[in-house]
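Engineer: Taken in sequence, the protein lines are chains D and E. Under full-length UniProt numbering, the residue at position 265 of the first sequence is numbered 265, and the numbers go up by one with no gaps. Under full-length UniProt numbering, the residue at position 233 of the second sequence is numbered 233, and the numbers go up by one with no gaps.
Derived by calculation from the structure, the hints in this document are not laboratory data. All of these numbers come straight from a predicted model, not from anything done at the bench. Mixed in with the good hints, there may be bad ones.
[Claimed, not checked] Residues from chain D shown here face chain E by an in silico Cβ test under 8 Å; the list is partial:
| # | residue |
| --- | --- |
| 1 | 172 |
| 2 | 178 |
| 3 | 180 |
[Unchecked claim] Cβ pair distances, simulated, as ranges:
| # | chain 1 | residue 1 | chain 2 | residue 2 | range |
| --- | --- | --- | --- | --- | --- |
| 4 | D | 242 | E | 174 | 49 to 57 Å |
| 5 | E | 107 | D | 22 | 21 to 29 Å |
| 6 | E | 54 | D | 158 | 18 to 26 Å |
| 7 | E | 162 | D | 242 | 56 to 64 Å |
| 8 | D | 160 | E | 69 | 16 to 24 Å |
| 9 | E | 107 | D | 110 | 51 to 59 Å |
| 10 | E | 293 | D | 160 | 52 to 60 Å |
| 11 | E | 162 | D | 25 | 53 to 61 Å |
| 12 | D | 160 | E | 66 | 25 to 33 Å |
| 13 | D | 120 | E | 66 | 41 to 49 Å |
[To be verified] Straight-line alpha carbon distances no greater than 20 Å define the calculated EDC-like cross-link-like pairs of lysine to aspartate or glutamate that follow:
| # | chain 1 | residue 1 | chain 2 | residue 2 |
| --- | --- | --- | --- | --- |
| 14 | E | 270 | E | 243 |
| 15 | D | 84 | E | 53 |
| 16 | D | 173 | E | 94 |
| 17 | E | 342 | E | 287 |
Backbone N, C-alpha and C fix where the C-beta goes; we use that ideal spot for every residue, glycine too.
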Amino acid sequence: MKRIAFVPAAVAVVAAIFFLGPLVATFDFSLRMVRGDLTLEAYRSVLSSEVFLGALAFSSAASLAAIVLGALLVVPTAYWVRLKLPRLRSLVEFVSLMPLIIPPVVLVFGFIRVYGSSSVLPLTTSEVGINLLLVIGYVTLSLPYMFRAVDNGLGVIDIVSLTEAAESLGASKLRTIATVIFPNVRSAIVSGAFLTFSISLGEFVITSLLNRPGFGPYMVRVGQDQAYQPAALAIMAFAFTWVCMALMEFFATQRPGTLKVPIRFPKFMRRNVT
Amino acid sequence: MSYLTLEKVGKIFGSSSVVSDFDLAVERGEFVSVLGPSGCGKTTVLRMVAGFERPSFGSIRIGGEDVTVQPANRRRIGMVFQAYALFPNMNVRDNVAFGLKVAGMDRRAIAGRVEEMLSLISLGHLAERYPYQLSGGQQQRVALARALAPRPKLLLLDEPLSALDAKIRVSLREDIRRIQRELAITTLFVTHDQEEALSIADRVVVMHRGRADQIASPLEIYNRPATRFVAEFVGTLNLFDAEMAQPGVLRFAGLNVETPMALTCRADEKIVVGLRPETLSLERRTEDDLSVTGTMLSTSFLGAVIRAQIDVDGRVIRLDMLNRGAGRLPPIGETVELRFSKHDLLVLSN
Numbered sequence: 001m002k003r004i005a006f007v008p009a010a011v012a013v014v015a016a017i018f019f020l021g022p023l024v025a026t027f028d029f030s031l032r033m034v035r036g037d038l039t040l041e042a043y044r045s046v047l048s049s050e051v052f053l054g055a056l057a058f059s060s061a062a063s064l065a066a067i068v069l070g071a072l073l074v075v076p077t078a079y080w081v082r083l084k085l086p087r088l089r090s091l092v093e094f095v096s097l098m099p100l101i102i103p104p105v106v107l108v109f110g111f112i113r114v115y116g117s118s119s120v121l122p123l124t125t126s127e128v129g130i131n132l133l134l135v136i137g138y139v140t141l142s143l144p145y146m147f148r149a150v151d152n153g154l155g156v157i158d159i160v161s162l163t164e165a166a167e168s169l170g171a172s173k174l175r176t177i178a179t180v181i182f183p184n185v186r187s188a189i190v191s192g193a194f195l196t197f198s199i200s201l202g203e204f205v206i207t208s209l210l211n212r213p214g215f216g217p218y219m220v221r222v223g224q225d226q227a228y229q230p231a232a233l234a235i236m237a238f239a240f241t242w243v244c245m246a247l248m249e250f251f252a253t254q255r256p257g258t259l260k261v262p263i264r265f266p267k268f269m270r271r272n273v274t
Numbered sequence: 001m002s003y004l005t006l007e008k009v010g011k012i013f014g015s016s017s018v019v020s021d022f023d024l025a026v027e028r029g030e031f032v033s034v035l036g037p038s039g040c041g042k043t044t045v046l047r048m049v050a051g052f053e054r055p056s057f058g059s060i061r062i063g064g065e066d067v068t069v070q071p072a073n074r075r076r077i078g079m080v081f082q083a084y085a086l087f088p089n090m091n092v093r094d095n096v097a098f099g100l101k102v103a104g105m106d107r108r109a110i111a112g113r114v115e116e117m118l119s120l121i122s123l124g125h126l127a128e129r130y131p132y133q134l135s136g137g138q139q140q141r142v143a144l145a146r147a148l149a150p151r152p153k154l155l156l157l158d159e160p161l162s163a164l165d166a167k168i169r170v171s172l173r174e175d176i177r178r179i180q181r182e183l184a185i186t187t188l189f190v191t192h193d194q195e196e197a198l199s200i201a202d203r204v205v206v207m208h209r210g211r212a213d214q215i216a217s218p219l220e221i222y223n224r225p226a227t228r229f230v231a232e233f234v235g236t237l238n239l240f241d242a243e244m245a246q247p248g249v250l251r252f253a254g255l256n257v258e259t260p261m262a263l264t265c266r267a268d269e270k271i272v273v274g275l276r277p278e279t280l281s282l283e284r285r286t287e288d289d290l291s292v293t294g295t296m297l298s299t300s301f302l303g304a305v306i307r308a309q310i311d312v313d314g315r316v317i318r319l320d321m322l323n324r325g326a327g328r329l330p331p332i333g334e335t336v337e338l339r340f341s342k343h344d345l346l347v348l349s350n
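When you get a sec, could you build the whole thing from the sequences and use the hints?
Structural biologist: Here you go:
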């Protein structure tokens, strides 16, 4: 018995070293800006930069917009597919996985070509249009995670019976989604929202090629000419993401009786979660 | 005019016809069971009445109003599902109040009606519980209260007892019947369990391959089944191939029997006669008893009843006798005389 218990413990230790090692090393490095001393100077330097605060605010706003747009797109789609078009589920799931196959650089050049100044819908000619493209880009990148989280959440509840029960009690489709379906997949949506946020916040390729003042391009720029600040930024971004996750989890589980939906991703997707 | 009428209703999914030429007329306050094996179309009939499926043919009227194409949420129908379908994010009180809120009732009226419904199902003390904190039987009671709260025109029950264990099934079945009588609500109850259907309903519809084989009272369904399918599906039946030896005389199992009922069969036409196990006896009861000889194969003790299996010319015949405590059962292998009255014969078309 003891030998069996040893193996998982050893795996846990190795995994912890593998995942936490770089984080600890980066954190240690970020404290060594002042030679011979451990200080938070690198953090002070970053936090006092207005460019940093501007980039963080911009990316946060774009990420939140991506969450709202993504949820509005994915929840009704996943619901309708499960309710009325169950045969199309595998097709929709395949489409939702496309962003994992298509590199962001291809996506963004596609955007520029389709929505360029000579197109029918020239979104790239205005600031609002470009921001909209950026949000759509974030939604696309996070689609595999958002869709899977919401679809798993819908799979846990019997949406067909719940929808029919609500309808037999006089509720319209919209009311059913708002009062029955949405609250029951809330924690799944929050999980998807968190993943969307963590993908979008530090996203570099789309943000940079659309020339937006986002957090990703800022980190790269800082990394080019400074040493300690990028390490401090990486740690802060990590902490920020975790705080967001904790807050979302807290709000998601406030009401008693809410189903907590564990989301399960296939292995190949887990490594892409940043 | 009947309260609920289905006229020539049919439903086709893809290329297969699930329900065809289905006619049913249910009176106000009547309790009708729809009984049939899996895949016979009984749930599809219920779903068409509820508005979840649109009939491919025919029409459905509730209270004189044609609802064939009316959406489910406008039909004012209460429905109870096999899987309970309580809203997991709401407690018992909110679940029961859901339909009342949708109807736009004011808060005080909702609170009063919810209390009334909870006392009807005797679960007032569990009002704050969430569905996952309730047993299956309790959940189904709440589902019943939720369905009844908005005073629906019709109550539809889709195998509501199937997921429950035997004891709770019986007690909830009795509760459903009591509540249905109290509220005098017109009810359609779908089940594949014949005991459930016969014990609870005023009338039973036996469905087979998308059609109603017989619509009658439970007694009539059991005692005078209209088709071979009804006779075999409801209760246990011993079947014998028979033919008309001459007008008014049936020949089967080596016997020539004058039929007590008028038969319109042609001579030499193949027909089937059935005998319920409880109509057979090992003892002579009247002078007119008919008898066939068989060999005891086995006996099984079922509590109030003892079932014997007897070989008659290579056919296994089942016989039920009341367990009266005393009395000797013939040992296995012994030759016995199997007796019955010609009045108990069920003559069925093949």
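Engineer: The structure should be examined with respect to each hint, and the outcome stated for every one.
Structural biologist: The hints, checked one at a time:
no.	hint	verdict
1	172	6 Å, holds
2	178	12 Å, violated
3	180	5 Å, holds
4	D:242 with E:174: 49 to 57 Å	56 Å, holds
5	E:107 with D:22: 21 to 29 Å	57 Å, violated
6	E:54 with D:158: 18 to 26 Å	22 Å, holds
7	E:162 with D:242: 56 to 64 Å	47 Å, violated
8	D:160 with E:69: 16 to 24 Å	21 Å, holds
9	E:107 with D:110: 51 to 59 Å	53 Å, holds
10	E:293 with D:160: 52 to 60 Å	57 Å, holds
11	E:162 with D:25: 53 to 61 Å	60 Å, holds
12	D:160 with E:66: 25 to 33 Å	27 Å, holds
13	D:120 with E:66: 41 to 49 Å	47 Å, holds
14	E:270 with E:243	5 Å, holds
15	D:84 with E:53	12 Å, holds
16	D:173 with E:94	19 Å, holds
17	E:342 with E:287	12 Å, holds
Violated hints for the displayed structure, listed by number in ascending order: 2, 5 and 7.
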